[in-house]
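A.B. asks: Required output: the full structure, derived from the provided sequences and hints.
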Amino acid sequence: MAWLMKNSGGMNIERRPEAYLDDALKAELEKTVLPHYPTRRAATLPVLHAVQDKHGWLPYQALEEVAEFLGLSPSEVCDTASFYEMFHLRPVGRHIIWVCQSISCELRGEHDIVTKIQEKLGIETGETTLDGKFTLMHAECLGSCGSAPCCLVDDKLHEDLTVENIDRILDSVK
Amino acid sequence: MALKEPVLCKRIPTPPWGDPKDRHYVGYDEFVGTGGYEGLRKAITMAPKEVIDLVKASELRGRGGAGFPAGLKWSFLPPEDGKPRYLTVNADESEPGTFKDRLLLDFDPHLMLEGIAICMHACRLDTAYIYIRGEYHHQARTTQRALDEAYANKIFGEGSILGKIADRWPQCYVHRGAGAYICGEETGLLESLEGKRGWPRIKPPFPAVAGAFGRPTIINNVETLAMCGPILVNGVDWFKSMGKGRGEGVPPSAPASFGPKLIGMSGHVNRPGVYEEHLGVTVKTMIEDYCGGMWKGRKFKAAIPGGISMGVLATHEYEAPLDFDIGKRYSCLGLGTAGVIVMDETTDMVSVARNIARFFAHESCGQCTPCREGTGWMYQMLTRIEAGDGTTRDLDLLLEISGSMGAMPGTTICGLADGANWAVRTIVNKFWDEFESRCHKSAGVSLAVVGS
Ligand SMILES: Cc1cc2nc3c(=O)[nH]c(=O)nc-3n(C[C@H](O)[C@H](O)[C@H](O)COP(=O)(O)O)c2cc1C
Ligand code: SF4
Ligand code: FES
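Residue numbers (the numbering used here), protein chains in the order written: chain A, 42 to 215; chain B, 2 to 453.
To be clear, the hints were calculated from the coordinates, so they are not data collected in a lab. Because the structure is a prediction, the values reported are computed rather than measured. Incorrect hints may appear among the rest.
Claimed, not checked - Straight-line distance between alpha carbons at most 20 Å, and here's what the computed DMTMM-like set of lysine to aspartate or glutamate pairs gives:
# : chain 1 : residue 1 : chain 2 : residue 2
1 : A       : Lys72     : B       : Glu51
2 : A       : Lys215    : A       : Asp196
3 : B       : Lys197    : A       : Glu109
C.D. replies: In structure tokens:
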């Protein structure tokens with residue numbers, strides 16, 4: 042679980058003048074998401090997804106804006122956001138590679154795939170390449186155990202990985 | 002005897018009936034053209050209670066892991082009071098070895114939508130949320146696509162063929178998770194749906210009484226709901242002609258294992274994948290007749306019957322039948338999701354245990370101390386044993402920790418702790434020699450070994 046690791050006492054919040062959750066996005070969410078739920082708080086996950094899809098990660102300022110939009114305190118939004126693996130509270134690369142490390146994938150050679158990616162990109166798991174293109178992450182079971190080993194590159198699943206095809210897959214990412 | 006024809010895989014080409022290469026998204030027209038939504042059309046001619054009674058009589062048991070009878074769950078709802086009541090569909094599928102719901106969401110989501118509509122009618126639920134795990138990007142898109150078609154064809158929304166429920170037109174929405182196994186636990190799911198961290202709730206109250214937003218809520222797995230349409234169309238006897246009934250002399254109150262089941266095969270087999278068979282098919286049949294045998298010509302060593310929480314089957318338990326009694330007869334936790342993970346003779350069981358302990362340590366939500374600390378300790382000890390630095394005392398301690406985690410009522414809130422307990426304990430017990438040979442003799446006095 043992605044516990045929030047910042048020391049909030051001395052935290053220096055970087056701010057920018059323009060909003061992450063801008064008026065256009067707010068209006069859209071108000072129309073397409075909020076009517077689905079009896080409380081505004083229930084829209085937390087969809088709203089966080091929407092902001093992250095647009096910006097790539099969730100800076101603290103964005104969490105504050107989400108809180109204001111949903112009528113919550115920033116700590117409530119922070120509490121939720123920090124619980125989930127897919128919400129990034131720190132900057133990540135333009136593309137995220139999630140390699141499944143759970144048992145069916147490990148049984149079918151996940152170690153070799155991870156080693157290959159690490160060598161190719163020159164990073165350890167959890168790190169981002171210097172050009173900011175890729176972040177490599179470990180994932181637990183991606184629900185594709187029958188075509189193990191597998192990985193997600195952003196929202197696209199790649200199955201039956203081998204050290205050869207992972208090379209091509211990464212090369213094809215723009 | 003093998004299943005005569007596919008039920009859940011009717012429109013999803015699956016061996017032996019079809020070639021997975023021919024799989025495609027089944028849209029509304031194709032679904033209806035092949036008998037889809039007939040179960041729903043039948044259901045709405047029946048009184049809600051009749052539908053519940055029918056599902057009860059079919060003895061359909063939940064396909065999400067716990068095997069709770071679906072009709073019985075539906076009958077726990079309090080009387081209607083005109084306020085909202087919810088259905089939450091569990092499409093969080095995150096248990097390692099489990100990838101069966103994904104097949105339905107990818108190719109035939111209308112089958113699940115039909116079950117959702119039937120359940121909403123039977124239980125008088127006006128709003129449904131399909132909670133799909135965040136990593137299922139493609140599946141969220143196919144489900145949304147099917148849902149849009151269903152709205153356009155008046156399955157849900159204004160003018161729905163269900164009519165108004167508690168004076169509201171029935172609605173159904175996709176709700177995406179964001180990466181947390183624990184949100185598959187039914188009350189973790191509810192917390193997550195409400196916009197909070199997915200911390201399971203203390204029960205009671207059970208969701209049927211106070212669930213989502215404090216209102217009565219039914220939670221069912223994707224496959225459980227997908228089974229409802231075919232049951233309505235073909236009837237109880239048809240459903241009970243599949244699977245495994247009670248043995249002779251078993252009282253009718255004892256739960257049985259009727260119906261077909263999606264079985265996910267992964268690990269060291271030649272043709273892994275999701276297949277459909279009778280409940281009660283043996284691990285051996287699945288491996289030899291469906292998966293083309295063990296890979297690389299190797300021998301069978303072990304299998305996990307239904308997602309890693311269930312514990313392990315030993316080498317001599319190769320012919321164990323995959324039914325809801327497997328837990329009692331083969332000292333494991335149960336059938337779980339029937340996501341079978343197969344391991345060949347070269348598999349290092351210490352690594353397997355280490356991998357599994359890491360999963361639970363990582364996914365424990367952290368609110369109960371025995372689970373949060375216990376899973377972490379087990380992972381550290383297994384890492385040490387794997388590296389060759391363990392002692393036989395570590396093994397005793399490992400069994401003691403795993404044997405007490407989740408076993409003591411009231412010390413842990415949800416089933417994750419039990420899952421971790423069974424997984425580690427059965428692997429160590431059933432492959433004791435392998436673990437022992439990896440450890441040094443300890444100098445101290447050994448703790449009593451806690452049996453399985
Ligand atoms: C830790 C944990 C994780 C679970 N994950 C899932 C899951 O991903 N999908 C699912 O359907 N059920 C899961 N379950 C079981 C649910 O709590 C619940 O029993 C099930 O969704 C009920 O549906 P059913 O009766 O139709 O099977 C999980 C249970 C536990 C304890
Ligand atoms: S048993 Fe574990 S996962 Fe379940 S609520 Fe307690 S700490 Fe969380
Ligand atoms: S174990 Fe890797 S996808 Fe399930």
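A.B. asks: Hints first: check each against the structure and report whether it holds.
C.D. replies: Hint-by-hint comparison with the structure:
Distance check on the hinted pair: Lys72 (chain A) and Glu51 (chain B) sit about 38 Å apart at the alpha-carbon level, beyond 20 Å; violated. Taken as a hint, the Lys215 (chain A) and Asp196 (chain A) pair is honoured in the structure, with Cα atoms around 14 Å apart against an allowance of 20 Å. Among the hinted pairs, Lys197 (chain B) with Glu109 (chain A) is consistent with the structure: their alpha-carbon atoms are about 16 Å apart, no more than 20 Å.
This entry does not satisfy hint 1, going by the numbered hints stated previously; all others are met.
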